[in-house]
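Put chain R on the given structure of chain H with help from the hints.
What follows is each chain in one-letter form.
There are 2 protein chains.
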Amino acid sequence: MKYTEILLEHGGGGLLSNELVTEVFLPHFRNAFLERLEDSAVITVGDKKVCFSTDSYVVDPLFFPGGDIGSLAVHGTVNDLAVCGGKPLCLSAGYIVEEGFPMEDLKKVVRSMAEAAARAGTSIVAGDTKVVPRGAADGLFINTAGIGLVEYEGSLSVRNIRAGDAVIVSGTVGDHGAAILCKREELGFKSEIPSDSAPLNGLVEVILKTTPRVHCMRDATRGGLGAILAEMASQSGTTVVIRERDIPVREDVRGVCEVLGLDPLFLACEGKLALFCPADDAEMILLAMKGHPFGKNAALIGTVAEVGGGRLILQTAVGGSRVVDLPVGELVPRIC
Amino acid sequence: MKYTEILLEHGGGGLLSNELVTEVFLPHFRNAFLERLEDSAVITVGDKKVCFSTDSYVVDPLFFPGGDIGSLAVHGTVNDLAVCGGKPLCLSAGYIVEEGFPMEDLKKVVRSMAEAAARAGTSIVAGDTKVVPRGAADGLFINTAGIGLVEYEGSLSVRNIRAGDAVIVSGTVGDHGAAILCKREELGFKSEIPSDSAPLNGLVEVILKTTPRVHCMRDATRGGLGAILAEMASQSGTTVVIRERDIPVREDVRGVCEVLGLDPLFLACEGKLALFCPADDAEMILLAMKGHPFGKNAALIGTVAEVGGGRLILQTAVGGSRVVDLPVGELVPRIC
Chain H
1 MKYTEILLEH GGGGLLSNEL VTEVFLPHFR NAFLERLEDS AVITVGDKKV
51 CFSTDSYVVD PLFFPGGDIG SLAVHGTVND LAVCGGKPLC LSAGYIVEEG
101 FPMEDLKKVV RSMAEAAARA GTSIVAGDTK VVPRGAADGL FINTAGIGLV
151 EYEGSLSVRN IRAGDAVIVS GTVGDHGAAI LCKREELGFK SEIPSDSAPL
201 NGLVEVILKT TPRVHCMRDA TRGGLGAILA EMASQSGTTV VIRERDIPVR
251 EDVRGVCEVL GLDPLFLACE GKLALFCPAD DAEMILLAMK GHPFGKNAAL
301 IGTVAEVGGG RLILQTAVGG SRVVDLPVGE LVPRIC
Chain R
1 MKYTEILLEH GGGGLLSNEL VTEVFLPHFR NAFLERLEDS AVITVGDKKV
51 CFSTDSYVVD PLFFPGGDIG SLAVHGTVND LAVCGGKPLC LSAGYIVEEG
101 FPMEDLKKVV RSMAEAAARA GTSIVAGDTK VVPRGAADGL FINTAGIGLV
151 EYEGSLSVRN IRAGDAVIVS GTVGDHGAAI LCKREELGFK SEIPSDSAPL
201 NGLVEVILKT TPRVHCMRDA TRGGLGAILA EMASQSGTTV VIRERDIPVR
251 EDVRGVCEVL GLDPLFLACE GKLALFCPAD DAEMILLAMK GHPFGKNAAL
301 IGTVAEVGGG RLILQTAVGG SRVVDLPVGE LVPRIC
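Residue numbers (my numbering), protein chains in the order written: chain H, 1 to 336; chain R, 1 to 336.
So that you can see chain H by itself, here it is in the shape it has in the complex:
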């Protein structure tokens, strides 16, 4: 590892995050579950399969259009379970709070978590609170972990991705990143952009009911759709080709990106997933997704090519084509 210190980019979900995992964590935590490099570990309990996942949330600001750190923390872990085929059974919540944090804000966050959990059909069954002196943390950080029950008869893994697969995204990309950026920087845009923070387990249930042949799903968070697709291409050793023109982007998100010189492909989502399936199943899955509120803007955006391997290729709107590398880090720190 060439870095002697942790950089912001090590937490950004991009290239340096991957390096940290493969060079620092995996050598010590080596086990079959972590090495799958999926969003959840799948373990066996009796004759059941359960998945297990965790995420910490350090988003700044804590409250933003469309959500807050509490709902985000619930949706994030619910979604990590969902894309592994897990129906959320229960969640834990660990709070690290800075001394002096307003009690009213904590209550708001707790209420928001409870509501988000209820909407996702689950509940928070274990918790912990640590308080650190003023200056030792910035307000409030939350960790959630979750257990999901996997009943899908098919197999969901990046290793299932095959040449010819269709690539589907469940809706507009970059909403969460744009929402946080606009809120944080007080950019003075006329209307607020709401985060897309949402629980995807309902949508996933609809998808997995249509066919047992979905190959792999991931939710696009840090690093956006571009980061997860580049990562999936690299991990599966396939060449993923996507068409920029077909990727759904809200008009206002596109506007913010143009002003700030950002690419919505790499802007964080918090309620969107990418899915790989055999081309023959794509239309049926797309139709099912469009019937769900969190999939109504779902779109077929690409395919897995027959040749080459390990790369994400973007066919640009102007007709060119380029390799998309995994971004080094996240465009903005503390996006989630």
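Mixed in with the good hints, there may be bad ones.
For identical chains, the list gives no copy identity; a pair is met inside one copy or between any two copies.
[Stated by the list, open to error] Only pairs whose alpha carbons sit at most 27 Å apart, straight line, appear in this in silico DSS-like list of lysine-lysine:
no., residue 1, residue 2
1, K2, K290
2, K107, K2
3, K183, K209
4, K108, K2
5, K107, K183
6, K49, K296
7, K108, K183
8, K296, K107
9, K108, K296
10, K290, K183
11, K2, K296
12, K183, K48
13, K209, K108
14, K107, K49
15, K296, K183
Rather than coming from a laboratory, the hints here were simulated on the basis of the structure.
Chain R only, in chain H's frame:
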């Protein structure tokens, strides 16, 4: 809630922590699992019982005699599962790292976590890393969550505590608190006091094999043995009477406490549990515990009285007797 801001004491495992749970978390997260107020939630998966627990670690300093934040984070969650009868199946680890944190220190912590997990017979199967800008966190915080398999045929719950029960502690109390205090304050004592940070699942396995009649166990962490016994007395509505003279305390820990004017009863442990069982089983359990390295100083320290309720009574070494209230907070912030 009379406080408008979070105080350090809200994270101290004492009275204000309890208030926070009952007045802020429980009203929103109301469910049968949290309301049990045990160290883990026990849920059913197929025909198996599993327990689920989480804790965050913000200890300062990160490295101390007898351990570091990594081993502490593994032991803490393993112990929360163990005292609920759970054999640890797997753990998750969530890191919040401050930009600029030394990579070497992170590697040391990760190695320590992997070793601690292996010693406890489990592994870390899911993880997450967030990096926050300099000044937004102090170095490194870790959250662990864990899943345990409960195979104990008896029932472990504070509600099982009965008049006549014996109270056993698994060893010397206050070691961890004294270790952190000495290290942090550079008090200049001649010899270092090692933390008792240790995984208790092996000891618990030995205990639960001897009898299905153990009523309740808790590990003594923040607030020390005094805090958990006062809490258990209050939650069970019984009067717990303990004899100060019989509570094992290391000589050096007693020395530090005398110098600093602290009571070892309220100093944090990280590898000790308190256990309630029928008086008739106490000798057999004690014998079994003494045969295990983490139980060799186990001692019978009290009983549950026939009358009164909800109080912890301390029979002092000098012959008096007093009610021990749940401490307001922890004696030292960032003890774990």
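Here is what the structure says about each hint:
| no. | hint | verdict |
| --- | --- | --- |
| 1 | K2 to K290 | neither (46 Å within a copy, 49 Å between copies) |
| 2 | K107 to K2 | between (43 Å within a copy, 13 Å between copies) |
| 3 | K183 to K209 | neither (38 Å within a copy, 57 Å between copies) |
| 4 | K108 to K2 | between (42 Å within a copy, 16 Å between copies) |
| 5 | K107 to K183 | within (22 Å within a copy, 36 Å between copies) |
| 6 | K49 to K296 | neither (30 Å within a copy, 39 Å between copies) |
| 7 | K108 to K183 | within (18 Å within a copy, 38 Å between copies) |
| 8 | K296 to K107 | neither (33 Å within a copy, 44 Å between copies) |
| 9 | K108 to K296 | neither (30 Å within a copy, 47 Å between copies) |
| 10 | K290 to K183 | neither (29 Å within a copy, 59 Å between copies) |
| 11 | K2 to K296 | neither (44 Å within a copy, 46 Å between copies) |
| 12 | K183 to K48 | neither (43 Å within a copy, 46 Å between copies) |
| 13 | K209 to K108 | neither (36 Å within a copy, 45 Å between copies) |
| 14 | K107 to K49 | neither (35 Å within a copy, 32 Å between copies) |
| 15 | K296 to K183 | within (26 Å within a copy, 58 Å between copies) |
The structure shown violates the earlier hints numbered 1, 3, 6, 8, 9, 10, 11, 12, 13 and 14.
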